[in-house]
Amino acid sequence: DAKTTQPPSMDCAEGRAANLPCNHSTISGNEYVYWYRQIHSQGPQYIIHGLKNNETNEMASLIITEDRKSSTLILPHATLRDTAVYYCIVRVNGDSSYKLIFGSGTRLLVRP
Amino acid sequence: DSGVTQTPKHLITATGQRVTLRCSPRSGDLSVYWYQQSLDQGLQFLIQYYNGEERAKGNILERFSAQQFPDLHSELNLSSLELGDSALYFCASSAQTSLLAGANVLTFGAGSRLTVL
Chain A
1 DAKTTQPPSM DCAEGRAANL PCNHSTISGN EYVYWYRQIH SQGPQYIIHG
51 LKNNETNEMA SLIITEDRKS STLILPHATL RDTAVYYCIV RVNGDSSYKL
101 IFGSGTRLLV RP
Chain B
113 DSGVTQTPKH LITATGQRVT LRCSPRSGDL SVYWYQQSLD QGLQFLIQYY
163 NGEERAKGNI LERFSAQQFP DLHSELNLSS LELGDSALYF CASSAQTSLL
213 AGANVLTFGA GSRLTVL
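Those sequence lines, one after another, are chains A and B.
Heads up: the first sequence at position 65 corresponds to 65 in my numbering, and the numbers run straight through without jumps.
Position in the second sequence (from 1) plus 112 gives the number in my numbering.
Among the hints, erroneous ones may be present.
[To be verified] Anything over 12 Å on all C-beta distances counts as not near chain B; from chain A, calculated:
#1 Thr72
#2 Lys99
#3 Val110
[What the hints assert, rightly or not] Within a straight-line C-alpha distance of at most 35 Å, the following computed DSBU-like cross-link-like pairs (lysine-lysine) qualify:
#4 B:Lys121 x A:Lys3
#5 A:Lys69 x A:Lys3
#6 A:Lys69 x B:Lys169
Hints are computed from structural coordinates only; laboratory data are not their basis.
Backbone N, C-alpha and C fix where the C-beta goes; we use that ideal spot for every residue, glycine too.
All chains should be modelled from the sequences, with the hints used to inform the complete structure.
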């Protein structure tokens with residue numbers, strides 16, 4: 001199973017871009033990278049996912065390196081409401097399971 | 113509202129008791145996942161059901177059990193409760209139509225907060 005490594009905490013100023021790195025050096029060719037976030041004790045919220053190509057949606061951009069061993073989640077204009085724990089997850093493939101194993105994540109603090 | 117409904121939102125009970133947490137998945141989703149999050153801890157995967165069948169098991173205690181019913185709602189049963197079982201319990205659902213489906217996004221509910229006194 002591919003594992004991920006994230007810095008335990010980061011901060012950025014409101015209105016600036018937040019760049020959250022993730023290392024997944026043991027990822028295999030057919031495994032997706034997912035990003036979720038959890039605001040306080042709410043249920044985790046899906047942000048974005050990708051396989052090889054960079055992806056963008058209304059919430060964020062995902063940049064995956066060419067060797068797929070790392071990725072970066074970019075929140076282009078962070079707001080105070082983006083303060084949360086961000087999880088980078090590589091999907092675990094089982095016989096017929098798509099379970100996601102959450103690590104410790106990165107605690108992002110957006111400063112006013 | 114994510115579309116995943118969990119009840120009850122809060123539950124306080126005593127050690128040794130048994131409780132049942134309920135989850136209704138998003139309309140059309142066949143898979144249900146249960147996660148436990150203790151205070152200041154990460155999300156621990158407990159168990160997954162797909163269309164009524166158990167598909168994956170995580171670090172779920174023997175005192176815990178779950179099932180998914182024909183209408184696709186799921187229940188997590190926690191028995192012989194201990195103080196350490198106090199936690200947030202999250203349910204998530206996904207479509208997961210095929211092993212070859214590629215990406216599979218989980219949608220989480222708001223959680224059930226269990227307090228064991």
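Outcome of the hint check:
Here A:Thr72 stays apart from chain B, with its beta-carbon at least about 19 Å from theirs, past the 12 Å limit. A beta-carbon of chain B comes within 12 Å of the beta-carbon of A:Lys99; the shortest separation is about 5 Å. No Cβ of chain B approaches the Cβ of A:Val110 within 12 Å, the least distance being about 20 Å, so the stated non-interface status holds. A distance of roughly 32 Å separates the Cα atoms of B:Lys121 and A:Lys3; the hinted pair therefore holds under the 35 Å criterion.
Distance restraint check for A:Lys69 and A:Lys3: the Cα-Cα separation of roughly 11 Å lies within the 35 Å cut-off, and the hinted pair is therefore satisfied. Proximity of A:Lys69 to B:Lys169 is assessed by CA-CA distance (about 28 Å); at most 35 Å being required, the pair is judged to hold.
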